[in-house]
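Visitor: Between the sequences and the hints, there should be enough to build the whole structure, so can you do that?
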Amino acid sequence: MSPFTILPVLLPLIGGILILMARPAGIDTQRILNLILTTLLVGVGLVSFQLANSDIYQVVLLGNWQAPFGIVIVLDRLSALMLLLTSLLALGALWYAIRTDTDKQGQHFHVLFQLQLFGLNGAFMTGDVFNLFVFFEVLLIASYGLLLHGGGRLRTRAGLHYVVINLVGSTLFLFAVGTLYGILGTLNIADMAVAVRNVSEADQGIVATAAVLLLVVFGIKAAMFPLYLWLPGAYAYTSAPVAALFAIMTKVGLYAIIRVHGTIFGEEAGDLAFVHIEWVLLLGLITLALAALGVLAARALRRQVAYLILASVATLMIAIGINNEAALAASLYYLIHSTMIGAAMFLIADVIMKGRGIYSDSFTKAIPIDRPIVVGSVFMLLGIALTGMPPLSGFFGKVMILHSALNHPWFAAILSVVLIAGLLMIIAVVRSGSLLFYSVQKEEGQKTSPLNKSAFVAVFLLMLVSPLMVMFAKPLTDITSQIAGQLFNGQAYIDAVLSTVPYGDNSK
Amino acid sequence: MEWLVASVISVMTGCGVYLTLRARTFPVVLGLTLLAYAVNVFLFSMGRLQIGIPAVIDPAAAAYTDPLPQALVLTAIVIAFGMTAFLIVLALKARSELGNDHVDGLHRSDDELKATKHNSAKAEIERSES
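As they're listed, the protein sequences go chains E and F. Everything in the first sequence is counted per numbering that gives the first Met the number 0, starting at 0 for the first residue and increasing by one. Everything in the second sequence is counted per numbering that gives the first Met the number 0, starting at 0 for the first residue and increasing by one.
Not everything, but these chain F residues come out facing chain E in the computed CB check (under 8 Å): (1) 38; (2) 78; (3) 96.
Note that these hints are calculated values from the structure, not bench results. As the structure is a computational prediction, the values presented were derived from the model and not from experiment. The C-beta atom is built at its ideal place from N, Cα and C for all residues, glycine as well.
Guide: Below is the structure:
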């Protein structure tokens, strides 16, 4: 156990408070502080990744109480990957927000930003279900503030929907946690996984109900059918850097499914083993089909990007639902890709929207934007990556997912839904690209606003992730398969958490 | 007593769900509050219902009730309280910005048209004027 382990959770919390106190010093100080803190967080993420890059689990006992009596913070390979991904994404989004002055549209953008990271990192590291609930609330309350940042009618309405659905989700979370506690008598994920093996036959139905209820809760976060309706509005009408940061929010739901359901209802759980998995697969397939239709039907670019994000989440659900080690490894590869590229897509939608002035991001004939070749090429590359065409990373992710599904009984359904949805998305994105960049007409007196080059750097760097992921596909897939291997060895996690001794206890 | 507590939870949940599905923001806020109450009582009863037994472990006492759900309920109450306060403020903001208290906004189609088509329509007018 290294005391360093807790730092990814503590740093953003302290950072948020620091930035709040720096408010009298003006927004420039807050910006610099936030940039330094987020850069530090990337460093912390890298070190965490290094720490977790072994089969040793880093377990921190909060308050020095031995598990399962106290709350534990666990750093394993999957948590470390998510931490690193979050910090890199945050850095890109923050840079864009600062260079476009988005943070000046309201108050406390930087404070909320750090608290959002606090909630996210906490959720990725906690080993306790109730603590997960608390971190969910932390990241949600920060996300409400960020979502509404800047104001506006449409944003307020979308925000209201988002808040209400998430409050319903929180209530359901408590119902599910309460039910599980009532039967299993513990809230520590590792301890619950042990307890679930000895559940009496009469109680199995109740535990299964709680498991599915928990899936509904995580499904709201991950935008799973039929609970995805909040996503297009919320993502399309919020400010671009926030939407980019929220690319990781849906992944929190997926992470929670992998962590909580994967550990508690894993192979060893007897009759309750994988009680959730067919639901994940089925709902993932339905979500993907509807998301592809949404992409086709969208009348404005930001809404279309929101549906593209939904499609990528659905693809991930399918990969989790296939439920084997190769599929999980492929889904993690696809997760890195879809988070970064999705975020870049939101940012470039904003660039295009600003360049078109009063025409905004609607699919209509408009004035040409500044530097159409640069922006258009990046848009095209992002479109290729996100819809899963070769040679970029989306294609490799999808191929690996489909390859891992070869022996699955539902292979035909998975293959056809993924491929048809991919085709529909390609058609839709090609159409929007040609409308946005070719269907233009110069007008007298209509000035094009110049491209914000320094902000565009963030889009470009996020876009670079995709070719890099292809170039370094071999080391990357090695890492993801190591992570998947560790996840499928649930017993090691349970042993590591339950055998950690408190400081100063030398009795063992 | 089990019957009483169970029916209290179920009535509150039922009313909460009904109110949450209403079209105006005020009933929705009330519904979410009721749901939060219901879940608090539910969490509390998950430590099993006991009468007159302390929650603090004491060697002198013969038995004790499970203290953990009580701690959980405390956390849940605080969080629900904060979230309700936030939701009320947001509902007020929505009331003033959207001009009505409908969850979807009364002029929904108008708003969306504005967001997508209005701008280009405005451009047309400007073009014809110039």
